[in-house]
Amino acid sequence: MATSSTPPPELAPPRLALRDVCKSFPGVVVNDHVSLDVRPAEIHALLGENGAGKSTLMKIVHGVLAADAGEILWEGRPVRIDGPAEARRLGIGMVFQHFALFESLTVAENVALGLGTRDTMKTLSARIRAVSDGYGLAIQPERHVHELSVGERQRVEIVRCLLGAPRLIILDEPTSVLTPREALALFEVLRRLRDEGCSILYISHKLDEIRMLCDRASILRGGRVVATVDPRQETARSLARLMIGTAPPDLKERRREPDAATPAGAMLEVAGLDMDRDDPHGTDLRGVSFAVKAGEILGIAGVAGNGQNALMRALSGERRLAHPEVIRIADRPAGHLGPRARRGLGLAVVPEERMGQGAVPDLTLAENALLSAYRHHGLVNRGLVHRNRSRDFAGRVIQAFNVIAHGSAAEARSLSGGNLQKFIIGREILQQPRVLVAAHPTWGVDAGSAAAIHHALVDLRDRGAAILVISQDLDELYALSDRIAVIAAGRLSESRPTHAVTAEDMGVLMAGLFEGGNAHVA
Amino acid sequence: MDGLDGVVALLVAMIRAATPLALAAVGELVTEKSGVLNLGVEGMMLVGAVAAFATAVMTGNPALAILAGMLGAMALALVFGILTLGLLSNQVATGLALTIFGVGLSAFIGQGFIGIPIEGLDALHIPGLSDLPLIGPVLFAHDPLVYASVLATILVGWGLYRTRVGLVIRAVGENHDAAHALGYPVIGIRFLCVLFGGAMSGLAGAYLSLAYTPMWVETMTAGRGWIALALVVFATWKPGRVLLGAYLFGGVTIVQLHAQGAGLAVSSHLLSMLPYLATIVVLVLISRDRTRIRLNAPACIGRPFRPSH
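In order, the protein sequence lines correspond to chains P and L.
Just so we're aligned: 34 in UniProt numbering is position 34 of the first sequence, and the numbers increase by one with no gaps anywhere.
Just so we're aligned: 303 in UniProt numbering is position 303 of the second sequence, and the numbers increase by one with no gaps anywhere.
Honestly, the hints are just simulated from the structure, not real lab data.
For clarity, every value in this text was computed on a predicted model and none was experimentally measured.
One or more of the hints may lead you astray.
[Stated by the list, open to error] Not the full set, but computed from the structure, chain P residues with beta-carbon under 7 angstroms of chain L:
#, residue
1, 84
2, 100
3, 102
4, 114
5, 115
6, 149
7, 322
For glycine and all other residues, C-beta sits at the position ideal for the given N, C-alpha and C.
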């Protein structure tokens, strides 16, 4: 299956080979005798659910963690990778899922930190420009990282990686933060790197992109490699079966006819929301208006950095508005209210950032459950916390949403990103909110769990809640939403029934080409 | 008081009052830029002061005395580093304890040295420059530590923003997890920065007991360590502004002392507040811009780092 430009990879020693690598943390075996070959010039997928041990394995390869047992062979020779510097010296580059970038530093400084180069900033900037032009990864070396969008940040990581002339690049869930178009551009870059002889280890749980991109796939389940297959010969369903161990439940076509039996009243109503940025790199919201009725899901699509963040903060009450009437929740003016008062009206929010906004990393799951759900289920009684009940409530969330954690006493920080997301969504849904606002509900969540979250959202809607989903994942929006609107440069398009929005329409809307929009794309 | 001589004396006194603040603050700035908050500056200054003074009395060698002051304070910084970086103790509590400990330790060591006179540090004579009228006595007739404080500020500013070492220090203070993931020894780098902060505090203490008032008195730093800490924050972690703040504070201190001496009909308590008020007002005014603060403030300050997670 190799490309014609490279020698048959079966004859050369694998670029990277793992032999019986084991790693345990107190109480859990994360990697259990993992063996894996990555051949020269191939894109090798590492596929597995949240918590299957993918990230730990990659940290071992990158030298951040040491394996308890097992052997690593680099181009046929046994090596000890005792730190990222050693990995870099061998030619292993890493693009992290949670980017290892420094926000207050410039792009060039970030690259310098990842390279160990002695170049001056000027020569380094020139090299960055050369590589970014060469691969079509537009970045400007002198900008500060905190000004960049998620997609741009990823490009910084990739360019940093490429400047180290790597022979193996590891990408940890790279498309989880990208728009479809950005993802396709990334695939082009990866294919080109492969054709130039670089090996790529591609970690993901998105089956379609693995089938589209990868030459081989190793599937990790419960810390073990259960199969190595050619993903192009597999169906998404057969891959999912390998990954989950059983066949995934079908995402039933549940979308109802719009306006079928919905009560007329809008539960969440925003009328002419204007909000200036409070941070020089934010987005101004201009004339944002929409309404979500009880029993419907409104999806808001858009490229990251077009005002989703500001909109979330305006809706959650993190930023209060001068005019109460601009936002109405359950038919009550709420623009001037803070987050607590809005929750009192029946609003629940799944924020963009899991750690920090959605959960306190150092608190247990029971305590995190309490933070937003304290007024429900009698968790707090006359100002006193009912510990057993909050433990029970957290336990119910864990069970209902299949969160992999050591019970309700586990610290939030100990959960993998996808599992924490399941917990946060579950916590909000089990409060039976009248209005739910969710940003990126399945970001970084594996296929099985994403389906569970989608079902839960649809169930909640069918029980009469009004749901707003802000997402960059178009498939998700198409699957969930009754109506879709698009946000571009701080302005929101009219919403339309989902079936009336084609993919082409979507591209046009995302570029801001709608009435009242602020088109700025050539 | 002769008009011109009076002005010269005033300016010289301002520079001398600013020097210990600048020394200690620049050291603490580097510590904080690496992500560590050491509230023990006052204690380290006192230990530095007494170590320098005792060495000066016993050996009569000013260079050795300065070195002893730095080493004494670094010993305290070492303890702080082991506790907070090695054993992950709370930085705020440990820093406070370090100050209290330094007060006691310096008083204990200094018992035998109270009331002993020494000769202060000699002024450097710079041929030509020192003999200039007006400018000579104001700018070029100081002891070496005055110049060291200015030089240290410039070097720290240059080092932090123009060299690779500085870049790594800022990176570690900004995001220790990312720095760790890229293979930088977070704990080791922070340790060195804490030691540097200690050395500079020791230098500030040595300046007090060797040059500013050449004698040993218990708690002779009189809160200057705390001022230095505050200067770092108000100066939004910029070396140049730290120096500016130190000179402003020193300047207003001296002016209000003279005003008190001249018998101004304002309560001396109110006048004594002036340096604090003036420093806060000016530094707040120049650091109104929230974005700039976010860019300069080390994001990881005070947060313990546990590697390998």
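Going down the list of hints, with the structure as the test:
About 3 angstroms separates the beta-carbon of residue 84 (chain P) from the nearest beta-carbon of chain L, less than 7 angstroms, and the hint is met. With a least beta-carbon distance of about 4 angstroms to chain L, the hint placing residue 100 (chain P) at the interface is held under the 7 angstroms criterion. Evaluation of the residue 102 (chain P) hint against chain L yields a held restraint, the C-beta minimum of about 4 angstroms falling below 7 angstroms. For the restraint placing residue 114 (chain P) at the interface with chain L, the shortest Cβ-Cβ distance is roughly 5 angstroms, inside the 7 angstroms limit, so the hint holds.
Restraint check, residue 115 (chain P) versus chain L: the minimum CB separation of about 9 angstroms is more than 7 angstroms; hint violated. The interface hint given for residue 149 (chain P) is broken, as the beta carbon of that residue sits about 17 angstroms from the closest beta carbon of chain L, more than 7 angstroms. A distance limit of 7 angstroms between C-beta atoms decides the matter here; for residue 322 (chain P) the minimum to chain L is near 20 angstroms, and the interface restraint is violated.
Checked against the numbered hints above, the structure breaks hints 5, 6, 7 and satisfies the rest.
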